[in-house]
Amino acid sequence: MDFEIPDELYYTSDDEWVHAEDDFVTMGVTDFAQQQLGDIVYVELPTVGDQLESGAAFGVIESVKAVSDLSTPIAGEVAAINEELVDQPEIINEECYGAGWIIKIKPSDVEEIESLLDADSYRKIVSKRSV
Amino acid sequence: MSALKRTPLYDIQRSLGARMVEFGGFELPVQYTSIRAEHRAVREAAGLFDASHMGQIEFEGSEAIAAADRLFSRSLVDLEPGRVRYGLLCNEKGGVVDDITCYRVAEASAFWCVNASNIEKDQRWILDRVASPIGVRNASDKTGLLALQGPASAAILAKLGSPDATALRRFRFARMEVSGRPALVSRTGYTGADGFEIYLSSGDLPQVFEALLDEGAPSGLLPAGLGARDTLRLEAALPLYGHELDDDTSPLAAGLERFLDLEGHRFVGADAIARDRDAGLESRLVGFALEERGVARAGSAVVLAGKTIGRVTSGGPSPTLGKSIGLAYVPAEVAQSGSGFQVVVRDRTLRARVVDTPFV
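Protein sequence lines correspond, in order, to chains L and U.
Here the first sequence is numbered in the numbering used here, starting from 63 and rising by one per residue.
Here the second sequence is numbered in the numbering used here, starting from 1477 and rising by one per residue.
These are calculated hints, taken from the structure and not from any lab test.
One or more of the hints may lead you astray.
Said to hold, decoys possible - Residues from chain U that face chain L, not an exhaustive set, calculated with beta carbons under 7 angstroms:
1) Gln1507
2) Gly1703
3) Pro1793
All residues carry an ideal CB built from backbone N, CA and C; glycine is no exception.
Produce the complete structure using the sequences and hints provided.
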């Protein structure tokens, strides 16, 4: 199977992507994750203003068959949630790196993003898993 | 852990892009493309499932038939050749050993189609209860099974040289050729849709599977996996052994009274079931729909006024209805259609309401 892994993003070994912008980071799940989950039917989102510790679970993503926790690799305050996902969670299947973003966080420490995986490192991890 | 078994279709399934999972000791496709698309194909056109993991236990000779009759919750002796009956194997406590379909092939020949996870248990259970093992045979390994399900199924079989399939009524079967191979074709299934189950010699599986895919594709047929099989059977409120049924569950609580011939048919477990019936039921299996966003899954607690009153046995999204549905055991007093309760999903408590089944 082929998985799209854009070069400009950061990744976690839990199959989430992180995009750094000026004052906040945007997060979502990777193409590999959405293909593994299959048809997504429900996303449980946090509330804007929630304070998240690094590594904290902030929500849940459910497909027809599976349930998966969403956790943040970056500590900070939830600045925005993707409300479109409430009615149309399948957007994640269609466009996981674009319209299917999940939350935006105002990081407590912008340096934390440097500890994440780059595209090449994530590619290696995924290629080992998809035998 | 012992190695997982594979069906003769494993290589074809992988080449079609199937994602494989473990089920009943077998490595089987959970989905090829999308559970939702495969589900929709069965509701609107047709889907083709590999059900070769299911077991077949044959009974040959009048003594074996008589023994099987005594172990089955409905009369097998009364069943005419060419007909199928769904029913139960029950233990002496009145619990369910397995839920099966029983095929009367001829006067002195019948077979049971049993759940994959129960093949060895059933076999032991049978041999412990028959006077002689002669005529009882586990034919699971040499038998392949395809389920062709959905409204386009009959037309697809007719195109493959099996026009006789169209004339079969529900719960009837006949021998005929499918794509030139000898088969036993039965108008039954596990999806709530019209369709057929096609028993073949396991060596003929690859050829017939590919012929059905080729002939069915123009009608919208898709290969379908266990994911869609589960969402389809849930919409039809058909029980899954290990979820709604087990050795300690009463078939009465599961709502399967009509598959128990308690009057006039002496079968193992009948006395205990009759006692349970006379004592009255404490809990019942109900269908429910969630009234809030979320997905209830097997194992979720059912609560009312802050107290746990039951548990969800199966749950998930209904692709046809576009909402979350499930089956749960609840006290008899809240089992009426329209009754409300809550289902606990992680740290959320979601409103649910009892609805009539089948769901679709």
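Do the hints match the structure? See the list:
no.	hint	result
1	Gln1507	6 angstroms, holds
2	Gly1703	5 angstroms, holds
3	Pro1793	4 angstroms, holds
Taken one by one, the earlier hints all hold for this structure without exception.
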